[in-house]
Amino acid sequence: MIQQISVFVENRPGALQAMTAVLAENGIDMRAFSLAETSDFGIARIIVNDVYKTTTVLRDAGFVHNVTQVLGVALSDTPGGLDKVLRVLAAADVNVEYLYAFFGGRKGRDAYTIFRVADNAKAAAALAAQGIRQVEQDELLDL
Amino acid sequence: MERYYQPEIETASREQIKAWQDERLVAQVRHVWDNVPYYREKMQAAGVTPDDIRSADDLHKLPFLSKDDLRKAYPYGLVGVPLKDCVRIQSTSGTTGKRVVAFYTQADIDLWETCCARAITAAGGTDEDVCQVSYGYGLFTGGPGLNGGSHKVGCLTVPTSSGNTERQIMFIRDLNATILCCTPSYAAYLGESMKEMGLTPEQIPLKAGIFGAEAWSEEMRQSIQDTLGIKAYDIYGLTELSGPGVAFECSAQSGMHINEDHFIAEVIDPDTGEVLPDGTQGELVFTSITKKAFPLIRYRTRDICVLSREKCPCGRTHVKMTKPRGRTDDMLIIRGVNVFPSQIETVLLNLGYPANYQIIVGRVNNTDTLDVRVEMTPEMFTDNLGEISRRQKELVDGLRSMLGLTAKVTLVAPKSIVRSEGKAVRVIDNRKI
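These protein sequence lines are chains W and D, in that order. If you're matching positions, the first sequence starts at 1 in our numbering and goes up one per residue. If you're matching positions, the second sequence starts at 1001 in our numbering and goes up one per residue.
Excised from the complex, chain D in its bound form:
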């Protein structure tokens, strides 16, 4: 039997959902107009006032908000309440000006955790469960979000955070953890490690996993489910919008229900900005209609996906989104970490390399690999192998401190990096997602 955390909301009629969205959007637009000069100026420039927004049908009249806006308004420019009412920030992993800092009131945290609680319940979680949260805790939203959701559901929460695989496995076994929350690649890694220890799926107490923060394929889902003997559920979110739980998978495992009582989703043509009908692939745009500290109006996620309002066998009525099929810009998500080619470029330039490089992302044993190919130059070349190795290591260290990831650095011959139309092909993503 399907479980719901808030059945009256999750299975509400479409009319009811629309009524909530109408009322909340109107109030939210008034809120940002009154409290966030940045929004007021954007709306004025677009010739819109709060009086023009009478229901969710008027959403398309409002201007889009981009990551660029977030950068311009950093850090306090989009905050909608006095700072004394804010109780927390969370932040993305980005650097070089791409960092996003999101603010929360206590009510904002509450609604975020409620969304996570819905996800855990949809994965079968109850107060009888032991929920191990192996997402990172701290600025990253993964740990805090699922931790809060787990509390709300009443699970016995095991806040292991990420890393220390041996300890993770010890807790899963000793405390009989039944739900695991982490990135899919880490789940796969834990699965492989337990397999190597000779554990069969029957000997692993886990029954469900909630995996997100990076792209993963159906093949990977299948393999994780088989190794751990669980059902694996996808979860979606963005720090800008609160964190994980903006959308989550149900027992149907065929797309993620967007929490429409808190977020209005649109899919647009990324080139024209035109709103596309359900079932059409386009860029996902979100409007948060309940969050007060960091309200986002028509925020362009750059995630490409398809929305579906077809009846879901789970009984939930909220719209479903497919897994994001790619990004409209060049950001890569590698092992759950946001990576921009520009960050890699910065490291190269700092160490005296030219910006002739190529990023090759792959996936080996369900873990993302990052290979940075750098062109050797006459200036950098020396007859001394040890010296070249030292510089290679310096580059690896530089990339690690910039990205928080270990990359393999390969030195290649000058001009060997493929250029098309005079422009180097910077990123090759070989992951089959």
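Next up, chain W with everything else stripped away, as it sits in the complex:
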């Protein structure tokens, strides 16, 4: 299981940069990033090297955020790689709320994908049963 930090950002020029500035100033290493947006606000979802430090500096800078448990899945960076994982989740009747991929780990042929699902435990068990590798937080540091 991976801890993802979701940050509320207004949908206007400079709002996202104000957040990334805080991360940059504090030497936070982002391993994955996704932005979901509506007409007037967005949610920046980040996976970082240091969850505790990141939430602390964000709070001090006045950013509303929360931490959610998501699944990190290593899938084969070949055609059909994502399909294989989704097939498993579909068969286990687990709903995927959203997912985002971050390719190009520093080594190997795997692609890494973050899954937000309705039932983490059920999804994790289904993936494990099919031999699909999941990534844990500390493993991200070495990618």
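Honestly, the hints are just simulated from the structure, not real lab data. Beta carbons are placed, not taken as given, at the ideal position from N, Cα and C, and that holds for glycine. One or more of the hints may lead you astray.
To give an idea of the chain D side of the interface with chain W (calculated C-beta under 8 Å), a few residues [claimed, not checked]:
1. Met1376
2. Phe1381
3. Ser1389
4. Val1412
5. Pro1414
Start from chain W and add chain D according to the hints.
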């Protein structure tokens, strides 16, 4: 040629008007002293008795009445006649303790409708006209007031009430309505809708409009006049004082004549309460000298305006007031509806939001817009966009049921709402009025 509903009153000499006011004020003060304990106590506290009021020149000796008094006396505390003599109430749109309920005897309704009849006649209305009343009917005074006035003038009255634009336009065209009564923003909207239907001003039978219940600018008047091919007249009133028709515009379209045989107007310094001379901007204060069921003595309207007794080319001799230039308190009039920031605050608090909000009022295509900016909090925040949207909608629904208006709700970052001197700026009114 200028038309008058009651020429002998509307063009009476200043001496005659003063004589009416002297006599009626003295009688009214005696009436409230005898029949309304609330007034008697206020007067006693101020050390005034009816014997001190010998003419309208003594008006300044009487204590002011505020909206706060109306709230304290709610609902029956200011009623001046036995309830069996009252035949109707009307009420403001306000909630959260701001609601005003006004009472009427049959004679009070009659004088109110007479004031409206003067307004319709000043706009050129006669018994040959078809007068469509598109103000809301019900507790709101707009519909009933103009409806009654239209009857008195003898117009064929079309009581469409507000809403259902398609039907409004159908009646205007099919019945050849010549006079339209509604809020200025609705008039503008009807105009735009008819334009979109390809109707030119020449094809629209209307010749005049009587528009009030919300603030509007000269630019807006011009645009409504051009789109509908009419002359647009302003009308002023407050539910507390009867409703629309306390003052109305004449052909000169340069301020509204106050019906001084029924209402005495003063302009005061809102801070000191001192009466200001004509031509000086200040808070408008009204005394109703003929209404018996709900008589108001020196009622502070919180409307800021200027009075003028300069000779009017229309021939009327009653004092004119400018359009209200603002409110002394924080009430907003949005699409004709009274909105208090405190009402918005109540909705936010009820739904678990903190009272960090900002109200932005604007005007797009001559219609008021209401944008409520709310600060996101850690408690309210979730990673789930759908959940946040659901809460946003909940807020919109809550505001609609509280205000009767649809607001746009925007969630903003914490502490992003501008604070000046430690206090948040709650209201930004971008309307150019």
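Each hint, compared with the structure:
{"no.": "1", "hint": "Met1376", "result": "5 Å, holds"}
{"no.": "2", "hint": "Phe1381", "result": "5 Å, holds"}
{"no.": "3", "hint": "Ser1389", "result": "7 Å, holds"}
{"no.": "4", "hint": "Val1412", "result": "6 Å, holds"}
{"no.": "5", "hint": "Pro1414", "result": "5 Å, holds"}
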